Every structure is written in C-alpha cells, then in structure tokens.
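Whole structure, please, built from the sequences with the hints as guidance.
Just so you know, the sequences run in chain order F and S.
My numbering puts the first residue of the first sequence at 97, with every later residue one more than the last.
My numbering puts the first residue of the second sequence at 97, with every later residue one more than the last.
None of these hints come from the bench; they were simulated from the model.
Being a predicted model, the structure only gives us computed values, none of them experimental.
Any given hint could turn out to be false.
Identical chains share a label here; the pair holds if one copy fits it or two copies do between them.
[As the list claims (entries may be wrong)] Distance condition first, Cα-Cα at most 27 Å in a straight line; then the derived DSS-like pairs of lysine-lysine:
| id | residue 1 | residue 2 |
| --- | --- | --- |
| 1 | Lys136 | Lys213 |
| 2 | Lys225 | Lys213 |
| 3 | Lys225 | Lys199 |
| 4 | Lys213 | Lys135 |
| 5 | Lys125 | Lys213 |
| 6 | Lys232 | Lys136 |
| 7 | Lys225 | Lys135 |
Number of protein chains: 2
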Amino acid sequence: MMISTRGRYAVRMMLDLAENAGDGYVSLKDIASRQGISKKYLEQIIPLLNHAGLLSTARGHQGGYRLSKAPENYTIGEIVRSTEGGFAPVSCLEDNHEECPRKGECATLPVWMGLQKVVDDYLDGITLKEILDQMK
Amino acid sequence: MMISTRGRYAVRMMLDLAENAGDGYVSLKDIASRQGISKKYLEQIIPLLNHAGLLSTARGHQGGYRLSKAPENYTIGEIVRSTEGGFAPVSCLEDNHEECPRKGECATLPVWMGLQKVVDDYLDGITLKEILDQMK
DNA sequence: TATATAACCTACCTGTTTAATAGGTATTGC
DNA sequence: GCAATACCTATTAAACAGGTAGGTTATATA
Numbered sequence: 097m098m099i100s101t102r103g104r105y106a107v108r109m110m111l112d113l114a115e116n117a118g119d120g121y122v123s124l125k126d127i128a129s130r131q132g133i134s135k136k137y138l139e140q141i142i143p144l145l146n147h148a149g150l151l152s153t154a155r156g157h158q159g160g161y162r163l164s165k166a167p168e169n170y171t172i173g174e175i176v177r178s179t180e181g182g183f184a185p186v187s188c189l190e191d192n193h194e195e196c197p198r199k200g201e202c203a204t205l206p207v208w209m210g211l212q213k214v215v216d217d218y219l220d221g222i223t224l225k226e227i228l229d230q231m232k
Numbered sequence: 097m098m099i100s101t102r103g104r105y106a107v108r109m110m111l112d113l114a115e116n117a118g119d120g121y122v123s124l125k126d127i128a129s130r131q132g133i134s135k136k137y138l139e140q141i142i143p144l145l146n147h148a149g150l151l152s153t154a155r156g157h158q159g160g161y162r163l164s165k166a167p168e169n170y171t172i173g174e175i176v177r178s179t180e181g182g183f184a185p186v187s188c189l190e191d192n193h194e195e196c197p198r199k200g201e202c203a204t205l206p207v208w209m210g211l212q213k214v215v216d217d218y219l220d221g222i223t224l225k226e227i228l229d230q231m232k
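Here it is, written out as structure tokens:
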C-alpha cells in the first residue's frame with residue numbers, strides 16, 4: 097500500500113476545515129468528532145500539514161486551525177506529500193535511500209520513475225475544491 | 097512504498113529469463129548469480145509467478161524455468177500483480193479488506209479508485225519486450 | 001487573575017509486513 | 001547411485017502502521 101491513514105486522514109481534515117470554515121478557528125476536537133477519528137492520532141498528523149504551511153493556527157481558548165489558502169489552491173498531491181513524504185513507488189526512489197549500485201544499468205528503474213510521475217501528475221491534478229463540489 | 101522487492105525481483109527474473117532463453121531451462125542458481133540476489137529468497141518469489149501460469153518449469157537435473165509466452169505477451173502489471181497481489185493504493189481498496197462503513201459517503205474514495213486505475217493502466221501498458229528493447 | 005480550552009510535544013506500545021536465512025524433501029538426467 | 005535441481009515450511013531481525021498515554025505551553029474569557 098502506498099498511502100497510509102496518515103495521508104488519508106490528512107485529506108479528510110483538510111476537507112473538514114474547508115467545509116466548516118467560518119469566522120474563527122476549527123478545533124481538532126470538532127474535526128475528530130465529525131470524522132470519527134481519534135483526536136490523539138490526528139494530533140500528530142496535523143503538525144505535518146501545519147509545518148508545510150498549509151494551515152493557520154491559533155493556540156489557547158477558541159483556538160484551532162483553518163486553511164491558509166482557498167480550497168482551489170490545494171492539490172491532493174501536496175497534502176499527501178506533506179504527510180507521507182513523497183510517493184516513491186519503490187524504495188530505490190525514496191529520498192533518503194542510499195544510491196543503488198545498479199542504478200546505471202538497471203533496466204527497470206525507468207519504469208518505476210515513470211510510475212512515480214503518473215501518480216504525481218494524477219494527484220496534483222485534483223484540487224480540494226473539486227472534491228468539495230463533488231460532495232454536494 | 098507500493099512495490100516491494102518481491103515485485104521488483106519478479107520483474108528482474110522475468111527479464112533474465114527472456115534474455116537468457118535458449119533451448120533448455122534456466123536454473124534459479126544462474127538467475128540469482130547474474131542478478132546478485134539470494135537464491136533462497138528468489139526461491140520463494142518464483143512460485144508466485146509459476147502458479148500464476150507465467151512460467152514453464154522442469155525439476156531435477158538440467159531443470160529450471162522458462163517463459164511460457166513470448167516477451168511481448170507479458171505486461172509489467174500482470175507480473176507485479178501476481179507477486180504483490182494488486183496495487184491498492186489505500187487499504188480500503190485491498191481485496192480482503194472489510195467493507196468500510198463510510199463507503200457510501202466517503203468523498204475521497206473516488207480519488208483513490210482513480211489513482212488505482214491510473215497505476216494499473218500505466219503498468220499494463222508496458223510489456224517485457226519493451227524493456228528488453230530499451231536495454232540494447 | 002484563575003480557569004478551562006486548546007495546541008503542541010515526546011515517549012511508548014502492539015501487531016503486521018518485509019526481506020531475508022535456514023534446513024529440509026522430492027524429482028530427474030546422467 | 002549421485003549430483004543437480006525444484007519445491008516446501010519455519011524462523012528471524014528490523015522496520016512500519018496505527019495508534020495510546022501523559023504531559024507542557026499559550027490564551028480567551030469569566
């Protein structure tokens with residue numbers, strides 16, 4: 097499997113933030129309760145989105161999160177990448193992976209690179225807004 | 097990551113069989129030595145290809161494996177699927193996964209289903225022969 | 001200024017998967 | 001009969017998945 101609960105829950109949080117955007121901030125407690133996901137678990141996923149600059153936050157009473165851009169300016173690709181750390185379909189293509197000694201002669205590497213591009217292009221072609229519109 | 101060493105080694109074995117096809121059978125020992133992969137490990141991957149009907153085999157002295165079809169008749173998709181058991185990008189789409197209670201209302205499911213199709217189509221569009229040709 | 005509410009941080013835990021290794025049995029050509 | 005080969009099953013160490021637990025820090029409001 098390629099996209100774990102981290103990435104999937106991240107997308108659902110972003111959708112929830114978009115749907116419930118009002119004047120103030122949306123608390124994790126509310127998101128967790130609406131989505132039926134443990135707040136404690138979301139607590140360690142949302143900083144990944146936050147540190148990637150996708151959110152604005154406020155601490156303390158009445159605090160919470162909100163989108164820092166309009167929904168049409170987020171792609172599913174950037175959301176999932178910021179929580180999963182990329183879509184490498186094989187370990188040879190992972191960022192931190194040591195250089196493969198067969199790299200030059202590997203006949204299959206181009207196949208996996210092509211696969212990665214196909215996935216990236218697909219997910220970068222879908223915006224939050226498109227999913228939101230579909231939901232109605 | 098989506099495709100583990102099982103799937104990748106499977107593709108390399110198939111390529112090796114195609115490259116070294118002669119009159120007789122190719123032994124795992126030779127494949128392992130050419131590919132620099134533990135024979136013992138390949139020993140538990142190759143039955144997956146064999147049981148899926150992708151190979152012909154002969155036991156005993158001078159035995160081994162060979163492709164049962166011409167290289168242009170294998171796609172990377174079918175090779176990897178037979179060893180990895182499908183390309184579900186998220187656990188909700190795995191064959192043995194229990195029905196998701198949110199299935200009907202899930203706004204993100206269509207996204208993951210689309211992703212799965214994009215991956216399937218890409219890998220089913222590449223044949224063994226195409227990779228072989230590229231290697232020359 | 002006290003308090004409740006929130007984000008934020010770090011450690012821990014349990015089960016599963018990955019990537020092998022190990023040791024054997026069955027079959028067959030020479 | 002023997003060597004080479006496929007075939008089968010168990011074990012293992014490490015990483016990862018999917019959480020839980022327990023706290024600290026900041027802040028609006030009463």
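- Hints the structure fails to honour: Hints 1, 4, 5 and 6 are the ones this structure does not satisfy, whereas the remaining hints hold.
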